[in-house]
Amino acid sequence: MHRRTFMKGTMAAAVVGVAAGAGLLKPGRVLAAEWPKDAFAAKSVDETLKSLYGNTSAAASNEIKIKAPIQAENGAVVPITVSANMPNVQAISLYVEKNQFPLVANLNCNGAEGYFSARMKMGQTSDVQCVVKAGDKLYTAKQNIKVTVGGCGG
Amino acid sequence: MARQTRMRTKSQDGATEILVLVNHPMETGQRTDPKTKEKIPAHFIQKMTFSLNGKEVAVADLGVAVSKDPLVGVRVKNAKAGDKVKVTWSDNKGETGEAETTVR
Chain A
1 MHRRTFMKGT MAAAVVGVAA GAGLLKPGRV LAAEWPKDAF AAKSVDETLK
51 SLYGNTSAAA SNEIKIKAPI QAENGAVVPI TVSANMPNVQ AISLYVEKNQ
101 FPLVANLNCN GAEGYFSARM KMGQTSDVQC VVKAGDKLYT AKQNIKVTVG
151 GCGG
Chain B
1 MARQTRMRTK SQDGATEILV LVNHPMETGQ RTDPKTKEKI PAHFIQKMTF
51 SLNGKEVAVA DLGVAVSKDP LVGVRVKNAK AGDKVKVTWS DNKGETGEAE
101 TTVR
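Residue numbers (the working numbering), protein chains in the order written: chain A, 1 to 154; chain B, 1 to 104.
It should be emphasised that the hints constitute simulated quantities derived from the structure, not laboratory data.
Note that this is a predicted model, so its numbers are computed, not measured.
By construction, the Cβ of each residue, glycine as well, lies at the ideal position given by its N, Cα and C atoms.
Misleading hints may appear alongside valid ones.
Stated by the list, open to error - In silico DSS-like cross-links for lysine-lysine, where the CA-CA straight-line distance does not exceed 27 Å:
{"no.": "1", "chain 1": "A", "residue 1": "Lys67", "chain 2": "B", "residue 2": "Lys77"}
{"no.": "2", "chain 1": "B", "residue 1": "Lys47", "chain 2": "A", "residue 2": "Lys37"}
{"no.": "3", "chain 1": "B", "residue 1": "Lys39", "chain 2": "A", "residue 2": "Lys98"}
{"no.": "4", "chain 1": "A", "residue 1": "Lys65", "chain 2": "A", "residue 2": "Lys142"}
{"no.": "5", "chain 1": "B", "residue 1": "Lys68", "chain 2": "A", "residue 2": "Lys98"}
{"no.": "6", "chain 1": "A", "residue 1": "Lys43", "chain 2": "B", "residue 2": "Lys10"}
{"no.": "7", "chain 1": "A", "residue 1": "Lys142", "chain 2": "B", "residue 2": "Lys47"}
{"no.": "8", "chain 1": "A", "residue 1": "Lys37", "chain 2": "B", "residue 2": "Lys55"}
{"no.": "9", "chain 1": "B", "residue 1": "Lys37", "chain 2": "B", "residue 2": "Lys80"}
{"no.": "10", "chain 1": "B", "residue 1": "Lys47", "chain 2": "A", "residue 2": "Lys65"}
{"no.": "11", "chain 1": "B", "residue 1": "Lys80", "chain 2": "A", "residue 2": "Lys65"}
{"no.": "12", "chain 1": "B", "residue 1": "Lys86", "chain 2": "A", "residue 2": "Lys37"}
{"no.": "13", "chain 1": "B", "residue 1": "Lys93", "chain 2": "A", "residue 2": "Lys37"}
{"no.": "14", "chain 1": "A", "residue 1": "Lys137", "chain 2": "B", "residue 2": "Lys47"}
{"no.": "15", "chain 1": "B", "residue 1": "Lys39", "chain 2": "A", "residue 2": "Lys43"}
{"no.": "16", "chain 1": "B", "residue 1": "Lys77", "chain 2": "A", "residue 2": "Lys142"}
{"no.": "17", "chain 1": "B", "residue 1": "Lys37", "chain 2": "A", "residue 2": "Lys98"}
{"no.": "18", "chain 1": "A", "residue 1": "Lys67", "chain 2": "B", "residue 2": "Lys86"}
{"no.": "19", "chain 1": "B", "residue 1": "Lys39", "chain 2": "A", "residue 2": "Lys37"}
{"no.": "20", "chain 1": "B", "residue 1": "Lys55", "chain 2": "A", "residue 2": "Lys137"}
{"no.": "21", "chain 1": "A", "residue 1": "Lys37", "chain 2": "B", "residue 2": "Lys68"}
{"no.": "22", "chain 1": "B", "residue 1": "Lys93", "chain 2": "A", "residue 2": "Lys43"}
{"no.": "23", "chain 1": "B", "residue 1": "Lys86", "chain 2": "B", "residue 2": "Lys47"}
{"no.": "24", "chain 1": "A", "residue 1": "Lys65", "chain 2": "B", "residue 2": "Lys37"}
{"no.": "25", "chain 1": "A", "residue 1": "Lys146", "chain 2": "B", "residue 2": "Lys68"}
{"no.": "26", "chain 1": "B", "residue 1": "Lys68", "chain 2": "B", "residue 2": "Lys80"}
{"no.": "27", "chain 1": "A", "residue 1": "Lys65", "chain 2": "B", "residue 2": "Lys10"}
{"no.": "28", "chain 1": "B", "residue 1": "Lys47", "chain 2": "A", "residue 2": "Lys67"}
{"no.": "29", "chain 1": "B", "residue 1": "Lys10", "chain 2": "A", "residue 2": "Lys67"}
{"no.": "30", "chain 1": "A", "residue 1": "Lys67", "chain 2": "B", "residue 2": "Lys68"}
{"no.": "31", "chain 1": "B", "residue 1": "Lys39", "chain 2": "A", "residue 2": "Lys142"}
{"no.": "32", "chain 1": "B", "residue 1": "Lys68", "chain 2": "A", "residue 2": "Lys65"}
Unchecked claim - Which stretches of chain A does chain B cover? Using the computed rule of at least three CB atoms under 8 Å from a CB of chain B, they are:
{"no.": "33", "segment": "35–48"}
{"no.": "34", "segment": "102–113"}
{"no.": "35", "segment": "116–127"}
From just these sequences and the hints, can you work out the full model?
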């Protein structure tokens, strides 16, 4: 390994370490919590919800709008936009139910609006679920996306 | 190798959308190299932190199901022109990146 790349690697690790340390010193900043490894390794939506929010009872809501294609030709890049119109949105998480690990992303808000957009991979045609945590309650919305070519593996 | 992080803001109806594009492979760890038949190790962004004028407004935890070269957007209210928006990210190999821009 070249010395320069090695140095860069250690520097980056040091920066992360410092950031984590700063997080510990300020308990008010819950946002800088660890990456939720268990949630991303969970194999079902319920398991993930439990791990993320400690609660699995999510009520269906019309206040959540999912903007995504009904049919996606390329499962490797499926654009999705979620907006939640309820007040006090604390977190938004996105799931592709039939992926091996359903959780795609989880957004913790602290001042930002209930809005999240990303592009995701989908292995096959599946329901896409969005769970919004607002005022300590969970709300959910679903949309089916048809995938012609899978985006996982190969 | 430094990865390119680009950022753009778009204001509409009193809300500002922050769009971030990172040049990153987002390798899932489940793919095999077609030539060597070996597994390609996972390499993906885990955390993305958005701040407005130095205050954290949102933290996104990303998984392997986010597409290659992720384009992530969040929206903030009450951002004025000239406000500083910053994003930092880190991946599972300890690589980090950041970008900064001002709201237009």
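Taking only the CA atoms, is the gap from B/Lys47 to A/Lys37 under or equal to 27 Å? Given that 27 Å is the threshold and the Cα spacing comes to 12 Å, the pair holds.
Just to be careful, I want the Cα atoms of A/Lys65 and B/Lys10 compared with a cutoff of 27 Å; is the pair within it? holds (20 Å)
Given coverage of the segment 102–113 of chain A by chain B, tested with a Cβ cutoff of 8 Å and a minimum of 3 residues: The restraint on the segment 102–113 of chain A holds, since 11 of its residues have a Cβ under 8 Å from chain B and three suffice.
Agreement of B/Lys68 and A/Lys65 with the hint, judged by alpha carbon distance not exceeding 27 Å: Distance ~24 Å between B/Lys68 and A/Lys65 Cα, so the pair holds.
Regarding the pair B/Lys86 and A/Lys37, is the alpha-carbon distance no greater than 27 Å? Holds, because 25 Å separates the two Cα atoms, which is no more than 27 Å.
Taking 27 Å as the top limit, are the C-alpha atoms of A/Lys37 and B/Lys68 close enough? holds (20 Å)
Keeping to a limit of 27 Å between CA atoms, is the pair of B/Lys86 and B/Lys47 held or broken? Since the Cα atoms of B/Lys86 and B/Lys47 sit roughly 14 Å apart, the hinted pair holds (cutoff 27 Å).
Proposed proximity, A/Lys98 with B/Lys68 (alpha carbon, max 27 Å): Given that 27 Å is the threshold and the Cα spacing comes to 19 Å, the pair holds.
Take the C-alpha atoms of B/Lys93 and A/Lys37, compute the straight-line distance between them, and say whether it is at most 27 Å. Roughly 14 Å between the alpha carbons, so the hint for B/Lys93 and A/Lys37 holds.
B/Lys37 and A/Lys98 were given as a pair; does the straight-line alpha-carbon distance stay at or below 27 Å? Answer holds: B/Lys37 to A/Lys98 is near 26 Å, not above 27 Å.
Given the hinted pair A/Lys37 and B/Lys55, is their alpha-carbon gap at most 27 Å? holds (25 Å)
Hint consistency between A/Lys67 and B/Lys77 [alpha-carbon to alpha-carbon, up to 27 Å]: At roughly 20 Å apart (the allowed maximum being 27 Å), B/Lys77 and A/Lys67 satisfy the hint.
When held up to the earlier numbered hints, the structure conflicts with 6, 9, 24, 26, 31 and fits the remainder.
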